[in-house]
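So the sequence lines, in the order shown, correspond to chains A and B. Just so it is clear: in the first sequence, position 14 is 14 by the numbering used here, and no numbers are missing. Just so it is clear: in the second sequence, position 518 is 621 by the numbering used here, and no numbers are missing.
Among these hints, one or two may not hold up.
Chain A is faced by these chain B residues, among others (derived, beta-carbon under 8 Å) [to be verified]:
#	residue
1	LEU296
2	PHE538
3	MET540
4	LEU608
To list a few chain B residues with every Cβ distance to chain A over 12 Å, as calculated [stated by the list, open to error]:
#	residue
5	THR169
6	GLY362
7	PHE585
8	TRP620
9	VAL724
Some residues of chain A that are not near chain B, with every Cβ distance over 10 Å (derived) [as the list claims (entries may be wrong)]:
#	residue
10	ASP14
11	GLY15
12	GLU36
13	VAL44
14	LEU49
15	ARG51
16	LEU54
17	HIS68
18	GLU69
19	TRP73
20	LYS103
Hints are computed from structural coordinates only; laboratory data are not their basis. Remember, predicted model here, so these are calculated numbers, not experimental data. Don't be surprised by glycine CBs; every beta carbon is placed ideally from N, CA and C.
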Amino acid sequence: MLTQPEDATRVALDGCVRLSTVRAGDSGEIVELRAESHPDGHGVDVHELERRLLEFGFVEGARFEVLHEGAIWRDPLAIRLDDMRVALRRRDAEDVWVRLDAK
Amino acid sequence: MSEVVMRPARVALVGNPNTGKTALFNALTGSRQKVANYAGVTVERKEGHAVTAAGRSLSILDLPGTYSLRARSPDEMVTRDAVLGKLAGEEAPDVVVAVADATNLRLVLRLILELKAVGRPMVLALNMYDIAQRQGLRIDIEGLQRELGCPIVTTVATRKRGIAELTAQVDALIASGALSTDNTWHEPSAAELRGAHGEAQRILRAYVRPPERPDTFTGKVDSVLLHPVAGLVILLALLFLMFQAVFTWAAPVEDLVDGAFGALGALAAQNLPDGLFKSFITDGLIAGVGGVMVFLPRILTLFFFIILLEDFGYMARAAFLLDRLMGAAGLHGRSVIPLLSSVACAIPGIMSTRVIDNKRDRLTTILVAPLITCSARIPVYALIISAFIPSRTVWGFANLQGLVMFGLYAAGILSTLAVALVIRRIFWRGEVEPFLMELPTYKTPSVESVLRNLWQRAEIFVNRAGRIIFPLTIVIWFMSTFPGPPAGATDPAINYSLAGRLGHLLAPLLEPIGFNWQMTVALIPGFAAREVAVAALGTVYSIGDADAHVGALADQLAAHWSIATGLSFLAWYVFAPQCASTLGVVKRETNSWRWPLIMFAYMTTLAYLASFLVYRGAVAVGWG
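For reference, chain A alone in the conformation it holds in the complex (with noise of 0.2 Å):
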């Protein structure tokens, strides 16, 4: 399993935070997608949700906006990315690395 020390990614992501931690109303770019998160029963490997989440447009330059959040716990996430509208658990967002705009 090809995982990446956790101080080797802040380094290397200096200024990014994960898709997991933003809020209704962010909006920015995609700057980089890893397989490296081991949330307990994911169901499918890292490298199998990495590339569900390319098919569904989580790629590294999409421009994206957080639409809405979850009732309960603002989760799960509503997300505009690029045309389309889509919604993801926070928890599967973990490995997306996004660069948010200045407000």
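Place chain B on chain A using the hints.
Frame of chain A, contents of chain B only:
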């Protein structure tokens, strides 16, 4: 139509979900379509026929929507295998029609690049082209055609525009003898997916100019419908309306159906000589068909709402709002509709699990749906409560009988959530699939498509589920009738029948939970449907028309049963799979006997355990 009759050309429709693929399929085939299942899987197979202007006959397959040929669900596997020509019992398509939402091309372009690698002759249908035009979106169709190397047709499926052009292009491809090139498709790696995205992006930039007037309607509606407070209030109001409708609108029609079959039975009873044949016609045949048809009003009312909301684009929003709530029990946001539908009846509930795309979530929902207190339990609960629970006020405001009824409903809901969690642990090792879902743009549902879809649901239920429910009803009639009572018999006839003997045989098994043999015997015809237990108890206690004399029956039960036995019977009905129709529908929906058997086993076990605990507990406090 002068051409020699030959094998119709095979056309497969492939595309992302929400691209109007099914609308295009309907526009192409009209009413000439057939809904079935693919061999061995639960995926719905929709096939239809069309004839081109040149007279060529086309056999059109509407494949499940997908974002990728790298299949992740049984539905998507069908699409992949059908396109690759590897699906058992299916020939490879002669032409693939890629269906795209003209206003949302990015993802479908990547899918089209995958389809190109498969090498089958392809036509691209740019659907919803009117919306693209209204938004001022410009597509250089000539250029895109050259770039992709396949003909492009613009269509508006809901208005049947561009359909003749599409079939003409398919015809031209076949007539030109376009053959499949080598299949170079393989499952793409993450790097290849990124590469394909880059390629799709380049094509998009080169040939598509973004809309001048992008759609703002969906965004505006979403800011209300997805609002944490307003959204939930609207959702609850909608659900309330839906289930009110299933209970109240469907009920008169149901009474009508019930009354019609009752009248038919009475007519037959008047005109037939007494005897076995009469009993078979009235109690077996007519009651059996009636027992199937009586579900139709509920199913159609519920599906009317579901199809309408799905076509409008609301279902994905409901799933979004409730995802976390259901997630706590290991279920999917989309499980809410089937589970709430089960309050009326588990059968439409289980049929509506089709809105759940993930197979595991769907199976879990199917397995727990019958635990929700359905309306057929009400007569049984009402009878036992009126017999054993005194109608008195507790805590100053609550009626004890009402409180017990509430408790039974709560027990149903709690056990549903608990069993869902356990199923996830046992069968799927606690794994939760990633939840990624497109929130489609809102669209006005078309009357024609809603009606066609409703008709198909009715057909599926009567044809398939009916084929299982009806024979089961006949078997239960047979068992309760044969053999007949000997001459001079004093006990009720059912006592001498197979059901009666089986009841006596099973009685020792159910004795530890406080059931006497009369109850065990009544459970067997009661297997036809839960409410039948009331009539069956009436039969074994020789109360003529039990439904009409519930009071008399309740007095009998109060005289013959202890309180502990009554409570135990209630506990039994919370869990027991006393409904052959539900098992029949589960068989139909999962396409295997495995799941109805698992359901029967776990529900019977739960029922036995619950009744045992309740009975022993009640005896211990002196209610024996």
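So, going through the hints one by one against the coordinates:
no., hint, in the structure
1, LEU296, "4 Å, holds"
2, PHE538, "5 Å, holds"
3, MET540, "5 Å, holds"
4, LEU608, "45 Å, violated"
5, THR169, "9 Å, violated"
6, GLY362, "45 Å, holds"
7, PHE585, "51 Å, holds"
8, TRP620, "48 Å, holds"
9, VAL724, "40 Å, holds"
10, ASP14, "22 Å, holds"
11, GLY15, "22 Å, holds"
12, GLU36, "12 Å, holds"
13, VAL44, "6 Å, violated"
14, LEU49, "6 Å, violated"
15, ARG51, "5 Å, violated"
16, LEU54, "4 Å, violated"
17, HIS68, "4 Å, violated"
18, GLU69, "7 Å, violated"
19, TRP73, "6 Å, violated"
20, LYS103, "19 Å, holds"
Checked against the numbered hints above, the structure breaks hints 4, 5, 13, 14, 15, 16, 17, 18, 19 and satisfies the rest.
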